[in-house]
Each structure stands twice: as structure tokens, then as C-alpha cells.
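2 protein chains.
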Amino acid sequence: NYYQLIWSNVPFFTVPLARAHGKSFAHRSELRQAKRIVVKLGSAVVTRGDECGLALGFSHKYNVVAVLQNQGREMMIVTSGAVAFGKQRLRHEILLSQSVRQALHSGQNQLKDMSLPVLEARACAAAGQSGLMALYEAMFTQYSTCTAQILVTNLDFHDDQKRRNLNSTLHELLRMNIVPIINTNDAVVPPPEPNSNLQGVNVISIKDNDSLAARLAVEMRADLLIALSDVEGLYDSPPGSDDAKLLDTFYPGDQHSITYGTKSRVGIGGMEAKVKAALWALQGGTSVVIANGTHPKVTGHVITDIVEGKKVGTFFSEVKPAGPTVEQQTEMARSAGRTLASLEPEQRSDIICTLADLLTERKDEILSANKKDMEHAVSTGRLSPAMLKRLSLSSSKLNSLSIGLRQISVSSQDSVGRVLRRTRVANKLELEQITVPIGVLLVIFESRPDCLPQVSALAIASGNALLLKGGKEAANTNRILHELAQEALSIHGVKDAIQLVSTREEVEDLCHLEKMIDLIIPRGSSQLVRDIQRAAKSIPVLGHSEGICHVYVDHEASVDKAIKIIRDSKCDYPAACNAMETLLVHRDLLRTPLFDQIIDMLRTEHVKIHAGPKFASYLTFSPSEVKSLRTEYGDLECCIEVVDSMLEAVDHIHKYGSSHTDVIVTENEDTAEQFLQQLDSACVFWNASSRFADGYRFGLGAEVGISTARIHARGPVGLEGLLTTKWVLRGEGHTAADFSEQGSMTYLHENLPVAQVLPERRTTS
Amino acid sequence: NYYQLIWSNVPFFTVPLARAHGKSFAHRSELRQAKRIVVKLGSAVVTRGDECGLALGFSHKYNVVAVLQNQGREMMIVTSGAVAFGKQRLRHEILLSQSVRQALHSGQNQLKDMSLPVLEARACAAAGQSGLMALYEAMFTQYSTCTAQILVTNLDFHDDQKRRNLNSTLHELLRMNIVPIINTNDAVVPPPEPNSNLQGVNVISIKDNDSLAARLAVEMRADLLIALSDVEGLYDSPPGSDDAKLLDTFYPGDQHSITYGTKSRVGIGGMEAKVKAALWALQGGTSVVIANGTHPKVTGHVITDIVEGKKVGTFFSEVKPAGPTVEQQTEMARSAGRTLASLEPEQRSDIICTLADLLTERKDEILSANKKDMEHAVSTGRLSPAMLKRLSLSSSKLNSLSIGLRQISVSSQDSVGRVLRRTRVANKLELEQITVPIGVLLVIFESRPDCLPQVSALAIASGNALLLKGGKEAANTNRILHELAQEALSIHGVKDAIQLVSTREEVEDLCHLEKMIDLIIPRGSSQLVRDIQRAAKSIPVLGHSEGICHVYVDHEASVDKAIKIIRDSKCDYPAACNAMETLLVHRDLLRTPLFDQIIDMLRTEHVKIHAGPKFASYLTFSPSEVKSLRTEYGDLECCIEVVDSMLEAVDHIHKYGSSHTDVIVTENEDTAEQFLQQLDSACVFWNASSRFADGYRFGLGAEVGISTARIHARGPVGLEGLLTTKWVLRGEGHTAADFSEQGSMTYLHENLPVAQVLPERRTTS
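Order-wise, the sequence lines are chains A and B. Taking UniProt numbering, I'd label the letters of the first sequence as residues 1 to 765. Taking UniProt numbering, I'd label the letters of the second sequence as residues 1 to 765.
Extracted from the complex, chain A is given alone in its bound form (with noise of 0.2 Å):
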């Protein structure tokens, strides 16, 4: 479906497997291509990470080198452990060679207190060997995958003969289809420098296999080395600085633009010679990605993440993009949205008419792009009629358009900076409550580019900087729309406050700038808001992803309003999030004539009948009774269920309802301010169409989304709900110890007079 297409912009499963030949991909989007790749497993990775039991877990859902493996891929693993799985190994077998009986004697706890000679760590690796490579066969094994074990040293790649004695070999295996699991021989290396990392155990530095993976991937001219440990990637600046930032991308060329630290936990120049060997690989025409592998993670994993494109750990480039990075886009855009938010209400308004005239006078240009998705949309077939009727733009629709936005250009004069309360808290001590815009926003749109401009106007005129993430088939319209909102900014100095996030982006990436992204507002399906809620844990997401909206029709209803309403909510557009989903009806009303109308008129516009639990049992016969009564049908299709009285349906709705919009229909205004009162939901109405929740026809100009959230913004969301406050406190010299009981002032707390403005004033046309 098409959400699909802009959450992974292409299925990760149409993308060819490609061999890259010695040439390095130059975006991480096109890692999913990768053929032949090596994953580096490094001893922290293999000992301690959780990372392990699921990179190599023996389970179907997590061994994900096995379904690499699986999906034609060609693995190879390059992996360490060996030390630390035979220090474990050679520990029991001295324990057990020691007086067992001694032990079982005097308590089950000295065992644990033994005392235990200093291990080799050659002796460990040769003794941890063995059952490093049973547990690796036993969980391929479940995937009906065979591995092979190739024990190498560094000399094995000077050696011309051997080197391509190995090289033959590993091709062999690989047109066999078998994983070959390759590890250092450390039984035959020289003795290593002592080196605590691992527990007291001296091992062989983690350096080697580090090389050993660059070699060997450029050897077979693998198209990607992943090297997991326990280090994110690489940084700027030594990690735990006050700057320190992980690099998502690094090209051989900003290499100066890195500071070593002196310190790491993988011992110095540990990153170095990481960095050293995955140059020396990019070189080789390998990608590479460095990341860590012992973060527990719920799904998926830190392996497939990197394949399929996500920002995962560091990627080494070759090609540095011509554009600027997302991370850097929203530093442009925080940077110029804070210019923005100063500038005279005025001047945003003045934006914002610019962006309006643009829309029709360069029609031709906006038109002649939309042709260009439309034609692209149409020949790949993706996109269902209704979709492809949601991208296509029109002259009327512009000029629509054009005059929505100069709507939302006269209601940005009082938005920002409007002083909501003033006290004086003291003599000469005056505190005033002003609104500021939330700061940045990540608006994610579905094929609707028309969404472009009326976004950014209402970003613009509560001063707040935008991204905005656009689906892929609108690629062509989004940028020509998104010059020119940055033509219209430009005329107050702040072109960068509107950025367009490229379509290369990963949704589910930009819902990870937790320190960058104050807001989300995905406009799209209900699958996309929940995706992106779900995604985007410690961002706020504005929106809803579920309008279960009930009419309740009272026994005190009117004929007439009750069919007209009833229609409306259900028939008029069926597939909005406003349109009615469940019918309450009075008891009183099932054999009355009211009742007749209102099924002949559902059967005459073809709206097919669900029957709820009490419903049903009132009829002889009766429409397919319902699964559930909190289905959102989005299409002509409803549920009717039968209530004893107002309260009861009240109590239905607060049950099954979404708390989107409620609607009651009945003559008794007792009745209906009873309802209006008791109900729980964003959106309570009386005797009108569900349908009117919505920011246009509420008289909020153009609307950001409707929110089901409790908190901040609630139903239709305009300007306001873009919009937060400060605290401004102005004195001279004044001190909380002032006010103590020492002290010579005392609090006032006196409401001073706001100037009274009218919320978001609108004419319309």
C-alpha cells in the first residue's frame, strides 16, 4: 500500500541484489542492494552484548544473518570470542579437576569462591573455539543454513599462495551457500601484550579483527563490512564531551575534522585502528558501517537496521552528498526559525501573501511538475485512483489554495508574542504570559502536496521552523512548492526556516531527533499516525489515529434532523475520521416509523447494516452482528446498537468510542445539555453533522490536523495549537529573599488588564 512506499520509500524486497565490484555505495539507502557482505562480530559483541543472542540467536525471528543469508545474500562472519568462551570453558574444567567432592561438601557456595589460577589467552582461544563454533553451527542449523570454519592469521594475506588458496576456498563456500565463520588462529600467533579489558583474562588485542574483517572484505570484494562492538561509531570529538556528536556519515576527506580521545573503553587509539581499517576497506571499493551491537533492542536489530538504510552507528562514504545532512537542515531551520519568530507579525504576514501570490503566478511551473509525478505515478501503477486524485494538482485548486493562505496570513497578526495574562507580582515586579511558537516541527504529508504551502503558512505565521518529509511520488511538485515558500521567506531574510527533508530520509530515522524536533504532525492515514506515534517515543505527536464517531439519536428526536444528520455523518464522505461509525438509537424508537426511514434511508444510499449484541437480540432476524463495536469502517458500512437512554449511550460512547467527535440528536435541550456536558470527547455535538469537525469549517482557517490527544491541543488544531507560551518577569533588582519573612516586600499578585484579542479572527470568502 502506499503508506509502505514512504515509510521504506521502496520495499526493502523489490530492491535487486547487486554486486558493487569495488566500487563503494555512496548513500545509505542503497545498502539494501548489498550482496556479499561481512559482519564483524567483536568480542564484547559475542561475550557480553545482548546484540549476540540475536544476531546469532538460534531463534527464526532474530538469527538475521541466517535470513540475510536466506534472501540470496552471500554472509560471511568474521568473528571473535573465542578467548572469553574458553576462559569460561578451562575455568569449569579446573574447577571440576579440583577436589569436586571437597567442594560438595563443605557448600554449594564455595564453588563460586575459588580461587583461579591467571588463564593464557592463546590456551582460552583454543579451548573456546570449539564451542564458539557449535553454538554458531547450532543456530544456522534451524535455518537449514551450513557453516564452515576458517581459523586464519595475518600471514595467511601476505603469503600469495595461501592467499589465494583462501580466497578460492571462501568462493567455494559461498556458491555453496554455506556461511563461512572465520576467526583469528590464535593458538599459533605470537604471545600477546598483556592487556586487562576482559575481565582479567589477557586477550589478543580487538585491533585484529578489525583488520582481519577489512582484509578479508576487500579480498572477496564483499559490498559491505559491518563491524559491531561495543561503541556506537565514530565521533567528532571524544564521546562524553560537551560536543561530542556521533558522525552518521564520514568521508575519508573530514578525517581532520575528528579529535581522538585519549581515553576509550576499547584502549587507546582503539577507534583509531577501527577507523584506520575501515578506510583502508572503503578504499577497497567495501562499505563500511561501524556500530554497536550490544544495545538490547525490541525490534529488529542492529544488523538489518544497517541493511536496510536506518542510521545506524557510523557509515563511511566515499561520495560526500552535494546537499546538507537532515541534522544539518534542522539546525538551518532552528537557526532561521528563531529569526522568523522575531520578525514583526507583519512581515510574517507579508511572507505568507508572497508564498499566496507565488501559487498563482507560477502556476505553469507547479502544474508542469505535478504532470511529471502524475505521468510517473500512472506508468508505475502504484497509486489507487483515490490516491492519484490526491496528487494531482489544478489551476482551481492553486487558486484555492492561494486564498486559504491569505486566511491564514491575517489571523498570524496577533499570534505570536500575545500577552494571555499580566500580574503585577509585586511593586515594580510585572510578569506577563506571551505566546511563542513550539519551536521546530516535523510535518510528515502523504500524497497531498497541496499540504505543502497551507503547512508552511501556518508555520510561518506562528513562527515556527518546518520540516517537512513528503512522500516519494510527490517528489517533483513538493520541490517546486518548497522553493517557493523558501522565495517567499527570503524576502525577510529567513529562506531556511522551511526545509524539505529528501525523500531518501527513513520516516522512522527522523522520528529519532529527540534533542532536534520539538512537535510531529503526520497528515496521512491512521496506520501512518499510529507508525510514527509508536516511532517517535520521546517526541510529541500531534494527531489521531482512530475516530470511532457515534450518533445518538434520543427518543425526543426530530424526524427529520435525525435522517439529514445521519445521512450526512455517514454518507457524505464515509472514509473521513469525522464521518459517523456506530448509530445509538433509543429503545423507544425501534418500532416507530423514525426508525423505518432511517434504515430505508441507509439502505437507499447503500450503507451496509452491522447489528451490535443488543440490537440483534431485539430482531427475529438480523444484519451480520458486529465483532467488535469499536470498528472504524471508513467506508459505507455502519453499526447500529440500541441504548435504554441518554446516559446509557454516554456510557457506550466514553466504552467504545475514540473520543474524537460525539453527536447527539434530540428536541430536549435538557437532554442534549446533559449529553453536551457528560461526554468525554474532543468534538460534543448537538443536532449537527459530525462532519463539521474540522479546522476549516470550525472557522480555524486551515487546519494542522485533528488531535485526540488530552493534552495541548484537543479536536481541530489551527495556529494556536502551533503556538506555546513563556514567561517574561521584569524588575529591578528584585530577590526572592525580599519577600522572606526578613524580608520588605510582600506579593501583590494583582491581575493586570490584557489587551482583549480575538483567537484567530477569520472572514471567509
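Rather than coming from a laboratory, the hints here were simulated on the basis of the structure. Among the clues, some could well be false.
Note that identical chains are pooled: a pair holds if it fits in a single copy or bridges any two copies.
Pairs of lysine-lysine, DSSO-like flavour, derived with a Cα cap of 27 Å [to be verified]:
id, residue 1, residue 2
1, K245, K627
2, K245, K310
3, K655, K515
4, K608, K245
5, K162, K23
6, K35, K276
7, K310, K515
8, K245, K614
9, K162, K655
10, K495, K320
We have chain A already, so just place chain B on it with the hints.
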């Protein structure tokens, strides 16, 4: 530290392990004491689940069974999964024995496609047993823990001699600190009924291992049986139906309240059999928890969670507690809260005044309860002097609390139902936006019991239902204060709107009640706030985790004001979140008397000074250089940094601040206004101490906290932050279609006057 105390009321490691000896535990929190534990791993857990890798995982972090064993518990595992294991093994063998050459020559994909004979379950079990055991052994060897294999049949329990043999063998193993791994000896049992649950292989019904585990647990007098499969636990009606609720605790007497489904993933009656086995074990004196072992989890582990008393799966208990569960409390609170919201404002105000009266009238009761808590705290010596001070109440504290409550009662008059906006949408179609309560609040507070009446009053004033979770050390004081709050609420029949959650409940469990709680407000240390923000993924949290406040002294500052404000901001109460942490000084001030006076004052006040990098570069000698410019000292310490201009100060604060409260000291009004405008913090002050950032000082009455979030409430939050809005539309049968091109109506969107009410009027005492 204290936080640890409230978080998991009694630290895990201090609980002595205890044999229950035939008496099951009454409450989940007692499961921590369980010494002898049987863990039953269903086939789904062993073969499919992630928990398998985690449950048995060979990483140090996650072989939780071994970890529990090493804590001194006696762990036993009842395992399934041999069939699935054997299936894969046999499949592999069959493949290899078919012409491998042929497969290799005809391409790699054929291996996967080759058809396989149907495998017999018992043969699979026999073939899989050895592999499964090898895996368990490898996993436990990592922890230097021995395992032993026991194969049993149901008959072994019926024959007395066999049962005694089994019993003594198991006891001997436990005595030797060895973990027995028990499985049914499937190879020697009668052929199973066909059942194609498990990927086309005939399996032995999963029921067997449930009853085996129960029998074994009772036979061995285990304290706890943890039965993990792929079902969440016991539901009160078939899972998936509208009303199905997972039971947190199940009492044998409640069995009639359960409706078993006719179908479930584990086959007809699967759950019933599980429950039967569980009840059998419970009757035998073993506590039981049924839970899902196949969910991936980032932190912790289902087994650990269960043993820590967290709400995972269904806990079987013989003792039904007297009070309601926390879920029932939430339901009661929400329902009574709705009534509270529909009361007249005067009635809510009335309740608050009554509570204010009760605080003074029943002073003696309160103080004597508080005395008990104080004595207990002193005797255990767990609280620091500062915390003891916060815990203690006095007659005068109660008086001022009572005065504060009367102020809240005044402001409560115009809070709920206030009309914020009125619009004539069209002829006879009128829209109102009115304030309504948020819903159910959860307030978590540390030792300060005076928080309870304050927060209660704010909740009553705003018509919200309230769950209170206080610290254990204030249990007696909180109980009496809560009783008084309920007494006050009863005068208008809404007693249940405020609920005190038992100290036994885990904060983390409460954070997961996302369908029941609308807003969480933690009141306590920033560590508490951070932990709750992490735990409460789907519920918004109102609060701030950091307060890095700055005072910027401009080169045009007044000497007196600067000294006064810096002293007050840093020294008035250094531990407060609104205390100054970084002093920014204009460069031109460096060699002036003002600067010397500042330094002298800080020295006199014993403030330890850290130098920012730029400041340090100006000095020949320098105080210790800061590690990070983002430090919250919370003590008589601060950082001093030099900036070249007001704008650089703004940049510094944007970069290193926490957007809490920042101050400029200057006599230049233009500079000040620019600073106030440009700086993006919740509170920005000119010539006033940062300590004014406080709800009471702002004139908001009591505050529920200070928010550094950017949406909803920002800065000090009073009554208004506990309100949201709803939209009320009143029509006469209006439909959206009336306004279409063919329709007869047009939008007016005329703003109607709203009676202006000043927000939160307050008079000071």
C-alpha cells in the same frame, strides 16, 4: 538513596529468601522471597521466542535463571522444545543423506525447496533432546553453573517408589547447586493425538508439560512456578473480544467469572488446562504466574520482572486482598471524577474549603500519624536530615497549607467549563470551546506529605480524578490526609475521585496503565522525573528533569542589582531547580570593580567557582575548569563563563541551557528586551532573581510543578495546566452537505464575545 526506596519499595537484594513450605504468597511483592522456583518454558518459548535467547541466553546479562540461581535460589527448569529441535535436526540429516552432490550442482536454492517427509513427533523429540540439553549446558556453563538432565513420564509421579526416587535425586541436585532440566520422556510415551500446531509436525500436546511442571512444583514444595508460553496470561473473556481484560491476579474463587474461548492459539481448552494445572499447584502451596515468554524486551526480562513482583502475566493467589486493585481504583476514580467535573463550581470550591477546615480541625490525628512516620524513619536511619525535614509536619505547616487551599478554592470558581471561544459558524450553528478536566491524573510524590492536600485541591478545582502514589516512609501521614480528602469529597458524593495507591504497587507498573491514566506528574528529584519519563512511554509526563539556569550580567548592569540577583539566584536555595548554575559575564566587566565584587560575594557565601573554558583562558591562574557547561550543581557551586555580547549569551544558553529560567541583569532596556525576546526558555527575567520561577511567586497559587516541555503547559504550572478543552457545537440539523456548492448555506465564522474572565484570580493572604 531515597529514590530507590520508593521505586521498588524494598530494595531487591535486601529481601531474605524464604521457603514458603506449603503456603503460597499472598501478593506479588512477596515473590521476591521465593527460594525454590520452577520455570516452565513452553515449546513456543524455546523454539520461537526471543525470551528463549534471553531466558537461556549465554550472555552475562540475560541468563536470568542462572543469575537467580547464583543469588542463592534453587532453580528448576521444565523445558519443552525437544520436538522442534529434533525436527530441524532430522530434516537436516535427511537433506544431507539425499544426494548432496545433486543439490550442490543444481544450484543453491534447491536445498530449501526439497520436499520433506512428515516427521514423527516422538522421533523428533528423541533426536532433539540431546541438542537441547547441549544448548542448556552451554548457556549455564557461562555462569559456572552445572545442569542435570531429568527425563520423566507422568507415571513417575504415580508410582510411589519412583516418585520418592525422583524426589531424592532432585533434592540432591539442588543441594549440590545444580540446575535440573526436566523434560517429559516423549520417546517412551504413547503416540500423541495428531495436532498440527507446530509447523506441520505432529506434536505432543503442550498440556503435558504444564501439568508436569505443576506436579513437580508441588512435589518439590517449590515456592513459585513460572509458566511461560506464548499467551499473555488469563483473560476474563476470550482474548480479542471487546471487553477482554488480562487478569493481573486470579483467585480460585473467581473461576466462575471467566469465560474461556472456544478457540485459542494453543488449541481448544489450552488455557483451561493451564489454569487447572496452576490451581492444582496453588492448592499444593506453590504460587504460580502464567506469562508470555516470547515478547522481546529491551530491559529486564519476564522472569526477573515476575520475581521482582512486577505486573506481568497472571498471578494466582489464594488470598483475595481486602481493598480494590489499582485498576479498580482507577476505574472508580475516573467514574467519580466525571461526576466531580459535572458539579457546580461552588460545590468544588466547597469541597476544597472543607478539606482546608479538616486540616486544622483534625490536626492532632494528622500530627500523631506523622509522628509515627518520623519515628520509624529515624529508627531505620534511612532518610537524610533534609528528607526528614520534608517528611515532618507541624501545626504551622498545616495552617499555611489550609490557607493555600482556600486560595485554590477561590480560583477554582472559574476553571472548568470556562468558554474560551465562541463562533457563529452559520445561521443557528454555534460553536464554543470550553475548558474541561484532563481526566485521570497520577501524581507520584516523594517524602513530602504536604503535597497530598495541595495536589488534591488542585485536582478537585480542575475537576480531575486523581491517583496518588506517595513514598512508603510517609505511609501513615498520607493515609490520614487521604482519608480527610475523601471525607471532604463525600459532601458532594464524589468520595472516590481521589485514590491513594497502595505502597506495594510499583511505580513502573503504574506508568504502563496507558489506557487508564491521562497525565503523570512526578514531584520529586530530577532522577525520579527522568525515570518516569522513561517508563511512561505512552502517557504524557508533566515536569522537568533539569534546571540549568543562567544569570547573564551585561556590561551595562547595575552593580547593586547584579550582586543582589546573583546572590539570591545561587544562594537562596541552591538545591532548587530554579537556582543559578552558570553565571555569564560580559567581557568588558572582567577587569572592573563589579567583577571583583561578584567574586568576593561568592567567596563570602562559600560558593565554589568553576571556570568555563573562555573564562579560564582569561586568567593566569584559574579555578578548576568545568568538565561540562551543562552541569546542574544543585549546591553552593557554580560555573562562570565570559561572553562577548548579549547575543553570545543567548547562544550559550540555547546551547547549554535546559530552557528552564534565565536572567539578564542590565540597565539598557533595548538589550533587555532583545534578550527577553530572543531567548527560548520557559521563563526569561530582566533584573530579577531566577528564584521567582515558581507557581506561588507567579501568583498561580499552589503549583503542580514546573514544565520544561514545549507543548501543553510550560514553566510553573497551576490550575490551568490541569485543564484541556472540548468543542461544543449546537445546531438545528445542520449538515456539511448544506454548505457544498449545491447547498443552501454559507459559513459565517463570526466571532462572538466571550465574557472576559481573568485567569486564575488570586489574592494573597
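Evaluation of the provided hints:
no., hint, verdict
1, K245 - K627, "between (51 Å within a copy, 17 Å between copies)"
2, K245 - K310, "within (17 Å within a copy, 37 Å between copies)"
3, K655 - K515, "between (37 Å within a copy, 11 Å between copies)"
4, K608 - K245, "neither (56 Å within a copy, 30 Å between copies)"
5, K162 - K23, "within (26 Å within a copy, 69 Å between copies)"
6, K35 - K276, "within (24 Å within a copy, 52 Å between copies)"
7, K310 - K515, "within (18 Å within a copy, 31 Å between copies)"
8, K245 - K614, "between (60 Å within a copy, 21 Å between copies)"
9, K162 - K655, "neither (73 Å within a copy, 55 Å between copies)"
10, K495 - K320, "within (24 Å within a copy, 66 Å between copies)"
Violation of the numbered hints given earlier is confined to hints 4 and 9; the remaining hints are satisfied by the structure.
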